[in-house]
Amino acid sequence: DPKIIQKPKYLVAVTGSEKILICEQYLGHNAMYWYRQSAKKPLEFMFSYSYQKLMDNQTASSRFQPQSSKKNHLDLQITALKPDDSATYFCASSQVREGAETLYFGSGTRLTVL
Amino acid sequence: GDSVTQTEGQVTVSESKSLIINCTYSATSIAYPNLFWYVRYPGEGLQLLLKVITAGQKGSSRGFEATYNKETTSFHLQKASVQESDSAVYYCALSDLGGSNAKLTFGKGTKLSVKS
Numbered sequence: 007d008p009k010i011i012q013k014p015k016y017l018v019a020v021t022g023s024e025k026i027l028i029c030e031q032y033l034g035h036n037a038m039y040w041y042r043q044s045a046k047k048p049l050e051f052m053f054s055y056s057y058q059k060l061m062d063n064q065t066a067s068s069r070f071q072p073q074s075s076k077k078n079h080l081d082l083q084i085t086a087l088k089p090d091d092s093a094t095y096f097c098a099s100s101q102v103r104e105g106a107e108t109l110y111f112g113s114g115t116r117l118t119v120l
Numbered sequence: 040g041d042s043v044t045q046t047e048g049q050v051t052v053s054e055s056k057s058l059i060i061n062c063t064y065s066a067t068s069i070a071y072p073n074l075f076w077y078v079r080y081p082g083e084g085l086q087l088l089l090k091v092i093t094a095g096q097k098g099s100s101r102g103f104e105a106t107y108n109k110e111t112t113s114f115h116l117q118k119a120s121v122q123e124s125d126s127a128v129y130y131c132a133l134s135d136l137g138g139s140n141a142k143l144t145f146g147k148g149t150k151l152s153v154k155s
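Line by line, the protein sequences are chains A and B. For the first sequence, this note's numbering assigns the number 7 to the initial residue and increments by one for each residue that follows. For the second sequence, this note's numbering assigns the number 40 to the initial residue and increments by one for each residue that follows.
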């Protein structure tokens, strides 16, 4: 059974609209993250949350807003969508320990913005 | 900033043949970053294949090996005899934060296809 659930698997949106990507983890981890991979680019770190608090934000645009309603949830709200936002978005989690944690990833949400 | 460069695109290898996927890195904020190989099987999320946090050491898992070479700043992934079940996308990555391996810099990924 997948321990990190991302919904939906595929998402098509029109330019200017807003979407929410869902992520739930059932590993009991205390930290969650979002990464993104656009076509022909590496995976890029976006956000990290620890104990439901934002720890690091590498996303320049305020159109991307993580939302953590429960400690095992970290959704990603994207507003005013642009075609450049088309990418696969990966949620991940870890148990934070000094220099030792391993990231566990979900299977991703592939977003296409038309 | 940090960067990871790995064998680009797709690699096709016949079953039971050897494999090498090249990975070189550049870390600007730390001399000896932690190095990782992640693998993504079809329909699944990325999962850790192996990691090495000490320069000069070798990591191994599921028949794969990678040696942390600080002189050449490389971390090539090797396997002596691949199987069809190894078909997946492989990602080399580094972390440069002293206390966390969570903020990773990835390469673009290399898709391995093993033909029978």
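Keep in mind that the hints were calculated from the coordinates and are not lab data. Since this is a predicted model, take the numbers as computed values, not measurements. Positions of the beta carbon are idealized from the N, C-alpha and C atoms, including for glycine. Certain hints may be false.
[To be verified] Distance windows between CB atoms, simulated:
no., chain 1, residue 1, chain 2, residue 2, range
1, B, E110, A, G22, 29 to 37 Å
2, A, A86, B, Q96, 40 to 48 Å
3, A, G22, B, I92, 28 to 36 Å
[To be verified] Just a few of them, taken from the derived set where beta-carbon distance is under 7 Å, the chain A residues facing chain B:
no., residue
4, M52
5, S54
6, Q58
7, Q101
Results of checking the hints against the structure:
For B/E110 paired with A/G22, a C-beta distance near 51 Å fails the hint of 29 to 37 Å. The beta-carbon spacing between A/A86 and B/Q96, approximately 47 Å, falls within the hinted interval of 40 to 48 Å. Under the hint 28 to 36 Å, the C-beta atoms of A/G22 and B/I92, about 45 Å apart, miss the expected range. For A/M52, the interface hint is violated, since its Cβ never comes within 7 Å of a Cβ in chain B; the closest pair sits about 10 Å apart.
For A/S54, the shortest C-beta to C-beta distance to chain B is roughly 6 Å, which falls under 7 Å, so the interface hint holds. Among the interface hints, the one on A/Q58 is violated; its C-beta lies about 15 Å from the nearest C-beta in chain B, farther than the 7 Å criterion. Below 7 Å, beta-carbon pairs count as interface contacts, and A/Q101 has none with chain B, the closest being about 10 Å; its hint is therefore violated.
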